[in-house]
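**Student:** Sequence:
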Amino acid sequence: MVRLDNNEISFPDPELYDGHEGVIAFGGDLSVERICFAYQLGIFPWFNPEEEILWWCPDPRFVLVPRELKVSKSMRKILNRNVFTFSQNRNFREVIKNCQEISRREQAGTWLSDELMEAFIQLHQYGLAKSIEVWQNGELVGGFYGLQIGNVFCGESMFAKVSNASKAGFIHFIETHKDLELIDCQSHTDHLESLGAKMIPKRDFLKILYRNNERR
Numbered sequence: 000m001v002r003l004d005n006n007e008i009s010f011p012d013p014e015l016y017d018g019h020e021g022v023i024a025f026g027g028d029l030s031v032e033r034i035c036f037a038y039q040l041g042i043f044p045w046f047n048p049e050e051e052i053l054w055w056c057p058d059p060r061f062v063l064v065p066r067e068l069k070v071s072k073s074m075r076k077i078l079n080r081n082v083f084t085f086s087q088n089r090n091f092r093e094v095i096k097n098c099q100e101i102s103r104r105e106q107a108g109t110w111l112s113d114e115l116m117e118a119f120i121q122l123h124q125y126g127l128a129k130s131i132e133v134w135q136n137g138e139l140v141g142g143f144y145g146l147q148i149g150n151v152f153c154g155e156s157m158f159a160k161v162s163n164a165s166k167a168g169f170i171h172f173i174e175t176h177k178d179l180e181l182i183d184c185q186s187h188t189d190h191l192e193s194l195g196a197k198m199i200p201k202r203d204f205l206k207i208l209y210r211n212n213e214r215r
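Sequential numbering from 0 applies to the sequence shown in numbering that gives the first Met the number 0.
By construction, these hints were calculated from the structure, which means they are not laboratory data. Don't take every hint at face value.
DSBU-like mimics (lysine-lysine), calculated; alpha carbons at most 35 Å apart, straight line [unchecked claim]:
1) LYS160 with LYS96
2) LYS177 with LYS160
3) LYS177 with LYS197
4) LYS96 with LYS197
5) LYS129 with LYS201
6) LYS76 with LYS197
7) LYS197 with LYS69
8) LYS201 with LYS72
9) LYS206 with LYS96
10) LYS72 with LYS160
11) LYS96 with LYS72
12) LYS96 with LYS129
13) LYS197 with LYS129
Here the structure is a predicted model, which is why all the values come from computation and not from measurement.
Using the sequences plus the hints, can you model the full thing?
**Tutor:** Next up, the structure:
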């Protein structure tokens, strides 16, 4: 791994550097400028609170191609019944707060530190990060947030307080954003695999991402 210089915003080239189990660098800071630059390179921060910042670019990469989205019959019925309503960027702070606090099976505590949460709130204020909210009877019951680079959406985290809420929001987001070329899911989950997410080589992911960098 490469130690980052706090006074210089730079990263090792993810095309040339494989790192250790996907970790290519550590250290640095969580400034808006550094995080933006990292995502443009296909790199994202993921670390435990109170520990040093780790920067990842795994190979292979877990992604979802929108045209390959899988929607089960039962899920389609839920969407058609309008069990949920959806919004975008209506309450980013509450979405990321719920992502931080939600209890997850086989996970003690949270990887989403207060510092990282505040960094993404700043990114949202600059118009670089977005949230999708899922509502039921006027209550926020699910959602997710991430960064968008051209037509690539880099998903960060999601939460659900009731069954199928986050899944419904994710499907709605993809089906109403026809310009999306790729969803970067970062790390594998059975939940996203059931919707059609798959592993692709890092080089293929970076090729798509860099092409979208040029469109910005």
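**Student:** Now tell me if each hint is right for this structure.
**Tutor:** Do the hints match the structure? See the list:
1. LYS160 with LYS96: Holds, because 13 Å separates the two Cα atoms, which is no more than 35 Å.
2. LYS177 with LYS160: 27 Å, holds
3. LYS177 with LYS197: Holds. LYS177 to LYS197 sits at ~20 Å (cutoff 35 Å).
4. LYS96 with LYS197: 28 Å, holds
5. LYS129 with LYS201: The given pair, whose Cα atoms are some 24 Å apart, holds under the 35 Å limit.
6. LYS76 with LYS197: Roughly 25 Å separates the two Cα atoms, so the pair holds.
7. LYS197 with LYS69: 12 Å, holds
8. LYS201 with LYS72: Judged against 35 Å, a Cα distance of about 32 Å means the pair holds.
9. LYS206 with LYS96: 33 Å, holds
10. LYS72 with LYS160: The given pair, whose Cα atoms are some 22 Å apart, holds under the 35 Å limit.
11. LYS96 with LYS72: With a Cα-Cα distance of about 32 Å, the restraint between LYS96 and LYS72 holds, given a limit of 35 Å.
12. LYS96 with LYS129: Between LYS96 and LYS129 the Cα gap is close to 14 Å, so the pair holds against 35 Å.
13. LYS197 with LYS129: Roughly 23 Å separates the two Cα atoms, so the pair holds.
Violated hints are absent here; each numbered hint is respected by the structure.
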